[in-house]
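Colleague: Below, each chain spelled out in residue letters.
There are 2 protein chains.
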Amino acid sequence: MEHDFNNKTCQFALQSIDDALYVIGGKWKLKIIIALKSGVSRFNELQRTLGISAKMLSQDLKDLELNEMVKREIHPGPPVVIDYYLTNHSKHLEDLLASLRNFGEIHRGKLKEEMAGI
Amino acid sequence: MEHDFNNKTCQFALQSIDDALYVIGGKWKLKIIIALKSGVSRFNELQRTLGISAKMLSQDLKDLELNEMVKREIHPGPPVVIDYYLTNHSKHLEDLLASLRNFGEIHRGKLKEEMAGI
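Chains as they are written, first to last, in my numbering: chain A, 145 to 262; chain B, 145 to 262.
Simulated from the structure, these hints should not be mistaken for lab results.
Keep in mind that the hints are not guaranteed to be accurate.
A pair holds if it fits inside one copy or across any two, identical chains being indistinguishable in the list.
Restricting the straight-line Cα-Cα distance to at most 16 Å, the calculated cross-link-like pairs of lysine to aspartate or glutamate (EDC-like) are [as the list claims (entries may be wrong)]:
(1) K173 - E212
(2) K254 - E212
(3) K173 - D207
(4) K235 - E249
So here's chain A without its partners, still in its complex pose (with noise of 0.2 Å):
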């Protein structure tokens, strides 16, 4: 990789950064997001389908909510259903999902190709 940044633009890509894993940072939130683009939209569903936590869920929901990624909706039961769902802002992740994705699966190609080497 060339050293094509110099250190103001450094700053300002840490910057931004540090802003998009505010929001989007640690172990669930990308996968929550994952999970709801599929269709999921129940908590227990979620919970099931990626195997977390219903505390941490909970949190990371709620964090989603904050920043605008997710909504909720309550249907007035009997019984009270709450769905989640992604929002609009939330259209600006696709970049970033399907580059993960692209470089998960690079990554494990290449794991794959160097143990068939051995």
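Given chain A, put chain B in place with the hints provided.
Modeller: Leaving out everything else, chain B in the frame of chain A:
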């Protein structure tokens, strides 16, 4: 966002995200890569640029080296000097870094607009 995933595609996407986060997840790894990309190559300089503890930086550099994102070059001294560089494999992160920065900028812009509207 449309429900354009079926369950199998969802599981595959989750797996790829896992693979990617295994390599570059956490608070610092992408930021270390950005600093290296900007031409910073010494341990102390990385520490100063990022404001990261020596213990964290050392651990993350080791992980990045194991995953072939970073290579270490030892120049026998005296004094012995160790430099860190990005590998060719790390170039596969270009798109990801660009979309992460882009999202960070969009999100910050949105917050600013909302604050201006209050």
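Colleague: Now look at each hint and say whether the structure bears it out.
Modeller: Do the hints match the structure? See the list:
In this assembly of identical chains, the alpha carbons of K173 and E212 lie at most 16 Å apart only when taken from the same copy (13 Å versus 26 Å across copies). Only between protomers do K254 and E212 lie at most 16 Å apart by alpha-carbon distance; the minimum there is 10 Å, versus 36 Å within a single protomer. Taking the shortest Cα distances, K173 and D207 sit within 16 Å of each other inside one copy (9 Å), while across copies they are farther apart (22 Å). In the homo-oligomer, the alpha carbons of K235 and E249 lie at most 16 Å apart only across protomers (14 Å), although the nearest pairing inside one protomer, at 22 Å, exceeds that limit.
When each numbered hint is compared with the structure, no violation occurs for any of them.
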